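Residues per chain, in single letters:
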Amino acid sequence: MNSPPGRGGVAGVGSRSVQQLIPCPDCGGFVPSNAAACPHCDRSTGTPGSRLGRAASACLKVATGGAVAVTLMACYGGPPHAYEPPPRPPEPCSTDPNSGQPSDPGCAPPNQPLQPAAPPAAGDPAFAQPPPPNPPGS
Amino acid sequence: MTHRRVPIVPERWFPAYVIWELTLRCNHACHHCGSRAGVARPDELDAEEAVRVVHELADLGAREVVLLGGEAYLHPGFLQVISALRDRGVARQLTTGGRDVTPELARAMAAAGLQSASVSVDGLEATHDRIRNAAGSHRAALAALGALSDAGIRTGSTVNLNRANRGELEPLYDVLKATGIAAWQVQLTAPLGRAADRTDLVLQPYDLLDLVPRIAALKARAHDDGILIMPGNNLGYFGPEEALLRSYERGGRDHFAGCQAGRLVLGIESQGDLKGCLSLPSASYVGGNVRRRPVAEIWRDAEALAFTRRRTRADLWGFCQSCDFAEPCLAGCTFTAHALLGRAGNNPYCHYRARTLGKRGRRERLVPITAASGLPFDSGRFELIEEPLDAPEAPIAEADALLRITQKPRKGPAQVASTDRDG
Chain A
75 MNSPPGRGGV AGVGSRSVQQ LIPCPDCGGF VPSNAAACPH CDRSTGTPGS RLGRAASACL
135 KVATGGAVAV TLMACYGGPP HAYEPPPRPP EPCSTDPNSG QPSDPGCAPP NQPLQPAAPP
195 AAGDPAFAQP PPPNPPGS
Chain B
2 MTHRRVPIVP ERWFPAYVIW ELTLRCNHAC HHCGSRAGVA RPDELDAEEA VRVVHELADL
62 GAREVVLLGG EAYLHPGFLQ VISALRDRGV ARQLTTGGRD VTPELARAMA AAGLQSASVS
122 VDGLEATHDR IRNAAGSHRA ALAALGALSD AGIRTGSTVN LNRANRGELE PLYDVLKATG
182 IAAWQVQLTA PLGRAADRTD LVLQPYDLLD LVPRIAALKA RAHDDGILIM PGNNLGYFGP
242 EEALLRSYER GGRDHFAGCQ AGRLVLGIES QGDLKGCLSL PSASYVGGNV RRRPVAEIWR
302 DAEALAFTRR RTRADLWGFC QSCDFAEPCL AGCTFTAHAL LGRAGNNPYC HYRARTLGKR
362 GRRERLVPIT AASGLPFDSG RFELIEEPLD APEAPIAEAD ALLRITQKPR KGPAQVASTD
422 RDG
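Quick note, the sequences are listed as chains A and B, same order. Each residue of the first sequence is one higher than the one before, counting from 75 in this note's numbering. Each residue of the second sequence is one higher than the one before, counting from 2 in this note's numbering.
Treat the hints as calculated values from the structure; they're not laboratory data. Only a predicted model underlies this, so the values are computations on that prediction, with no experimental measurement involved. Cβ coordinates follow ideal geometry from the N, Cα and C atoms, glycine included. Do not take every clue at face value.
Stated by the list, open to error - Beta-carbon label-pair distances, calculated as ranges: (1) A:A110 / B:D391: 23 to 31 angstroms; (2) A:A110 / B:D316: 24 to 32 angstroms; (3) A:A110 / B:K178: 41 to 49 angstroms; (4) A:A110 / B:D151: 53 to 61 angstroms; (5) B:R140 / A:D100: 43 to 51 angstroms.
Use the sequences and the hints to build the structure in full.
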């Protein structure tokens, strides 16, 4: 889920202008794409709006398709963790042709309707989709 | 596998990550506690009300709820809330001091559906017990990590860094590693609540020149150990180690993306007051109360929650406004900036800022000028003074001295009812 190595995530959102950040090849720090030099180690990047900055912007768009994500942390929150997969409904039974019994004791018997799927847990691919829109006026 | 990572879709904010103070009741009385926890608020949500809030959060698309206090497990509806979150498919986590977490309680938490727990450990034994104001607290915290892990709950730890424990970072990592933690959150003690009364305890901005590279070095080491070190939102920003600090994986290029309070983060106080982030000073940032209005309505309408949704560089001031990283950063953590300087938009707790000033032979010092009120999540105010990088420094004091009250709060310890603010 991280942005690919060598490219910075974009943080400009909403009505803000977007500032592209590129990696300094020397120190690895982030460099604003319009900077003439790395603000950390002073390595020159060329003039503002340089080829390096434009190339980085193009790479970023290709790599992320414009998607922006953020890691949520808070000072009373715990460390991030992998979310559990959503519970899956039992598979319908196949019947053992010899015994006539369900082949998997954990499956749902044919005469019993499958339980509806539980709401998707965080981490479910559903959450990779954009969040639901807020009501108008937000 | 998905971590705590949410796509940002402009203008489509929802409370993905909820920090919920279930009760202010606590079995610790920590010297640095931002909420001045100890005794329950007089009008805390009961179990039934809390479960109703769970459903409202789930309806809004909440992905994860972190329960804390005080001590969350001292709330009578604690296990019920966990179960309700599980039933609605919301990830659930506990942040705890770990005292009185018996194997039986840990198993009950696991049975209710708790997935992970972060136990706060604020130093080696002597320092931790002094900061947490309780002999035996450190041993209890480590025992809790064991009990939780034995119950099948994924464990992590959280440390609040300050001048009393800053020298113990590396040995503390070794202690925690031996407990089998999967992740460690490192954050700064902000001058909120009781920490606002102890101004010698909090870091000076130039302390980050030493601390941040040490944390980054530990993180690189922790990758080899299979432990994920992540900075809290108030530790940053945009120094040369930014990508290492903010990324889950080695070689990642994540970076801080601005305060998410009220955009993707929601804080709930135990009496039902809502804020964009639990740690925001209550006096300025409560948007309404869940007993009087639906969560969705407060989230949508309350200006006190929406302030980050429109924040731009123009809202910043001081160093942050002219910073090279003003746009992605937007002055870092809002509550920390507010707790230091009385309003958001300029945050001296910044590694890039300290480095930039350091290149000019300068540094900033915080000088307390106003005491806090004495209420939960209150803050005083500091003045920012610029001085030579090599200005004389007082000898490093012992932890006991750093923990003395230097700014007596204007009121005594108080119980606070829910506010009348309804957005």
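Hints versus structure:
no.	hint	result
1	A:A110 / B:D391: 23 to 31 angstroms	holds (29 angstroms)
2	A:A110 / B:D316: 24 to 32 angstroms	holds (26 angstroms)
3	A:A110 / B:K178: 41 to 49 angstroms	holds (43 angstroms)
4	A:A110 / B:D151: 53 to 61 angstroms	holds (57 angstroms)
5	B:R140 / A:D100: 43 to 51 angstroms	holds (46 angstroms)
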